[in-house]
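Enquirer: What follows is the residue order along each chain.
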Amino acid sequence: QVQLQESGPGLMKPSETLSLTCTVSGGPINNGGPINNYYWSWIRQPPGKGLEWIGYIYKSGDTYYNPSLKSRVTISLNMSKNQFSLNLRSVTAADTAVYYCAREKDPNGKFYYYMDVWGKGTTVTVSS
Amino acid sequence: DIQMTQSPSSLSASVGDRVTITCRASQSITNYLNWYQQKPGQAPKVLIYAASTLQSGVPSRFGGSGSGTDFTLTITSLQPEDFATYYCQQSYTTRTFGQGTKVEI
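Residue numbers (our numbering), protein chains in the order written: chain Z, 1 to 128; chain P, 1 to 105.
Not one of these hints is a red herring.
Dumping the calculated DSBU-like pairs for lysine-lysine here, alpha-carbon to alpha-carbon at most 30 angstroms:
#1 Lys102/P with Lys105/Z
#2 Lys39/P with Lys49/Z
#3 Lys105/Z with Lys45/P
#4 Lys59/Z with Lys45/P
#5 Lys45/P with Lys110/Z
#6 Lys45/P with Lys120/Z
Derived from the structure by calculation, the hints contain no laboratory data.
Required output: the full structure, derived from the provided sequences and hints.
Expert: Right, dumping it as structure tokens:
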């Protein structure tokens, strides 16, 4: 059973760079097969608000980002540690949120991806 | 970017009610549409993928339909554990979530 766990600082100051890591347990990030290919995603949720997709990375290292965050976001993969990471530069109070990592699965090889495994989320507060 | 608009934003219902939530995409996404349920303090959980396929383990009272730009999530007989917030999400191109629909007692 694959599990995901986010880790990172809970409190940050404006203009700093947020770095979060998602550790994948129970299975390799690089599953190596043509079926059940996975994307590894970051999503956030500001207090009392809805979900916002940040971006994802594929096992090849290809990345795709939300256009509204693209200039400040980098997602990277560390296969040797079975982890993927999020860097968000120049944070402001608007970046205060619960940050989730998630696995996106394509069950049939037909590109119908959905987020089937989620971490529990980590709260990040940006305050001076 | 594809925008996803859900309606209503919130609704009040009783146990046993039939509940319908709609989701509209700003352009055609064929059937690349997923539905998630989120309870307070928890991560979202997938209910439906590819617009109408029930995720394994999800009760059959949940159903999804639609294609193109208009989609529906239906709960045929609302149970106490179904009071939560529901999100649609498109996977046609990158990813976008709807703003959510809160189902309240």
